[in-house]
Amino acid sequence: MSHPIADEFLLDYASGAASAPVGLLVATHLALSPEARRSFRRIEAVGGAMLESLEPVAPDSDTLARLFARIDAGEGVEAQPRTTLRAVDRLPSPLAAYVPRGVEALSWKRLAKGVEEAPLDVPSAGPRKATLLRIAAGRGIPKHTHRGLEMALVLEGGFTDEAGHYDRGDVCITDESIEHQPTADRARDCLCLFVADGPIRLTGRILRLLNPFLRG
Amino acid sequence: MVGGTESGERGPTGRDGHVTLILRVARQQDRGAFAILFGHYGPRVKSYLIRLGASRATAEDLLQDVMLAVWRRADTYDPVQASVSTWIFTIARNKRIDTLRRERRPELDPTDPALAPKPEPEPDRAVDAAQWETHIAGAIAEMPREQAEMIRLAYFDDLSHSDIAVRLGLPLGTVKSRIRLALARLRTKFADRAEP
Numbered sequence: 179m180s181h182p183i184a185d186e187f188l189l190d191y192a193s194g195a196a197s198a199p200v201g202l203l204v205a206t207h208l209a210l211s212p213e214a215r216r217s218f219r220r221i222e223a224v225g226g227a228m229l230e231s232l233e234p235v236a237p238d239s240d241t242l243a244r245l246f247a248r249i250d251a252g253e254g255v256e257a258q259p260r261t262t263l264r265a266v267d268r269l270p271s272p273l274a275a276y277v278p279r280g281v282e283a284l285s286w287k288r289l290a291k292g293v294e295e296a297p298l299d300v301p302s303a304g305p306r307k308a309t310l311l312r313i314a315a316g317r318g319i320p321k322h323t324h325r326g327l328e329m330a331l332v333l334e335g336g337f338t339d340e341a342g343h344y345d346r347g348d349v350c351i352t353d354e355s356i357e358h359q360p361t362a363d364r365a366r367d368c369l370c371l372f373v374a375d376g377p378i379r380l381t382g383r384i385l386r387l388l389n390p391f392l393r394g
Numbered sequence: 039m040v041g042g043t044e045s046g047e048r049g050p051t052g053r054d055g056h057v058t059l060i061l062r063v064a065r066q067q068d069r070g071a072f073a074i075l076f077g078h079y080g081p082r083v084k085s086y087l088i089r090l091g092a093s094r095a096t097a098e099d100l101l102q103d104v105m106l107a108v109w110r111r112a113d114t115y116d117p118v119q120a121s122v123s124t125w126i127f128t129i130a131r132n133k134r135i136d137t138l139r140r141e142r143r144p145e146l147d148p149t150d151p152a153l154a155p156k157p158e159p160e161p162d163r164a165v166d167a168a169q170w171e172t173h174i175a176g177a178i179a180e181m182p183r184e185q186a187e188m189i190r191l192a193y194f195d196d197l198s199h200s201d202i203a204v205r206l207g208l209p210l211g212t213v214k215s216r217i218r219l220a221l222a223r224l225r226t227k228f229a230d231r232a233e234p
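Chains as they are written, first to last, in the working numbering: chain A, 179 to 394; chain B, 39 to 234.
The following block holds chain A by itself, in its conformation from the complex:
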């Protein structure tokens, strides 16, 4: 893996502070990257150390008794969705949960020639949204910047931009200070999990005129 996710996103996900769209992207990346999982386990262990460092607050005196009563009543037995787990279009489980009927069944919208986007129903308090982005083999997203953060995790195929080449499992993170022009590999379509704060803003001279027609 040549493009692992940056530490600060692993920390956001480990502490629980990551928004749902970013959390989904990090969880999906972890499924695809054993390296990132190893790093992540160490960062998550910080949570255990932090828990130990807290000043204890006594539970109510009858909490334990009430817990045993709930256990006796058979509460808290968890349904096992795992038995129904199946591979959906090679999507890792955190993402597959949002694409239950497969990638083709999502509602795809054309963004530009050879570029399509489908929204995912991931709850989010802010403007940050998660979508799937598909770039046809050999095609590219016109030169653009973003309002705020943009994260792309490659699920199928691969793409190249000014910073390098990205394969399945790689993460490309950019912000408004970075202008880039990703181009999908010629061999096959590229499918990405895409998380962004706002629509793509085209920066090419002629394409700027098309901006009003683009949505993100």
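The set of hints was computed from the structure by calculation and includes no laboratory data.
Mixed in with the good hints there might be a few duds.
30 Å max Cα-Cα, derived BS3-like pairs, lysine-lysine [what the hints assert, rightly or not]:
hint, chain 1, residue 1, chain 2, residue 2
1, A, 321, A, 287
2, A, 321, A, 307
3, A, 287, B, 214
4, B, 214, A, 307
5, A, 291, A, 321
6, A, 307, A, 287
Listed below are several chain A residues computed to face chain B (Cβ distance under 10 Å; list not exhaustive) [claimed, not checked]:
hint, residue
7, 188
8, 190
9, 194
10, 195
11, 197
12, 198
13, 200
14, 205
15, 217
16, 220
17, 246
18, 248
19, 274
20, 278
21, 301
We put the CB at the ideal spot given by N, CA and C, even for glycine.
Fit chain B to the given chain A structure using the hints.
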């Protein structure tokens, strides 16, 4: 538990002992073992939930849900993957996200057929999870204050790195580099410990 001394860590109620207690809950539904775990983690989980914005009543309800999950999931606990406190932390963190933020946390499923490559053989087996944690605590204590602050704001104030930048009025790049330095220190600690 006062925590910290080697003997304290290894006694029947020390942190090594907690693994045994979880196993007793998993295999024999041992309520005595569970009561000891509750005595240690209950007050810390409640404190965590209050620190993260739950009212006392909500914290009490959530604490029950967390400890109920500890009871029900004890047989899935893997001491190689996480110390008992890290495992309980993850349960508390997820319950808090589900309840207080009304979101469902996307979770990695270790049995996922799409997991790449396969659920990996653990290269860090040499260092056990409980040991890691003791050293993390030490590493955080030795960190420059501005690095340790990043970790506290993330875990105790529920701030993402971009929220931290806003809260402290710092450039995003500064926050990122402090976080990376802090985590690099933890890694160095691990690397040291992995040597026999």
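How the hints compare with the structure:
For the given pair, residue 321/A sits about 19 Å from residue 287/A by alpha-carbon distance, which is consistent with the 30 Å threshold. For the hint pairing residue 321/A with residue 307/A, the CA-to-CA distance comes to about 21 Å; that is within 30 Å, so the pair holds. Straight-line distance between C-alpha atoms of residue 287/A and residue 214/B comes to about 35 Å, which puts the hinted pair past the 30 Å bound. Restraint check: the Cα-Cα separation between residue 214/B and residue 307/A comes to about 22 Å, which is no more than 30 Å; the hinted pair holds.
A hinted pair counts as satisfied when its Cα atoms are at most 30 Å apart, and residue 291/A with residue 321/A qualifies at roughly 13 Å. Simply put, residue 307/A and residue 287/A have alpha-carbon atoms about 15 Å apart, close enough for the 30 Å limit, and the pair holds. Nearest Cβ of chain B to the Cβ of residue 188/A: about 8 Å, under the 10 Å cut. The hint holds. With a least beta-carbon distance of about 4 Å to chain B, the hint placing residue 190/A at the interface is held under the 10 Å criterion.
The criterion of a C-beta within 10 Å of any C-beta in chain B is met by residue 194/A, whose closest approach is roughly 4 Å, and the hint holds. At its closest, the beta carbon of residue 195/A sits 4 Å from a beta carbon of chain B; the interface hint therefore holds under the 10 Å criterion. Taken as an interface hint, residue 197/A checks out: its beta carbon lies about 7 Å from the nearest beta carbon of chain B, inside 10 Å. A least Cβ separation of about 5 Å between residue 198/A and chain B falls short of the 10 Å threshold, and the interface hint therefore holds.
For residue 200/A, the shortest C-beta to C-beta distance to chain B is roughly 7 Å, which falls under 10 Å, so the interface hint holds. Annotation: interface hint on residue 205/A holds; nearest CB of chain B at approximately 4 Å, less than 10 Å. Interface restraint check: residue 217/A against chain B, minimum CB-CB distance 8 Å, threshold 10 Å, status holds. Hint on residue 220/A holds. Least Cβ distance to chain B is approximately 6 Å, under the 10 Å limit.
Because the beta carbon of residue 246/A sits about 7 Å from the nearest beta carbon in chain B, less than 10 Å, this interface hint is met. Look at residue 248/A: its Cβ gets to within about 6 Å of chain B, closer than 10 Å, so that hint holds up. Below 10 Å, beta-carbon pairs count as interface contacts, and residue 274/A has one with chain B at about 7 Å; its hint therefore holds. Restraint check, residue 278/A versus chain B: the minimum CB separation of about 14 Å is more than 10 Å; hint violated.
Interface restraint check: residue 301/A against chain B, minimum CB-CB distance 5 Å, threshold 10 Å, status holds.
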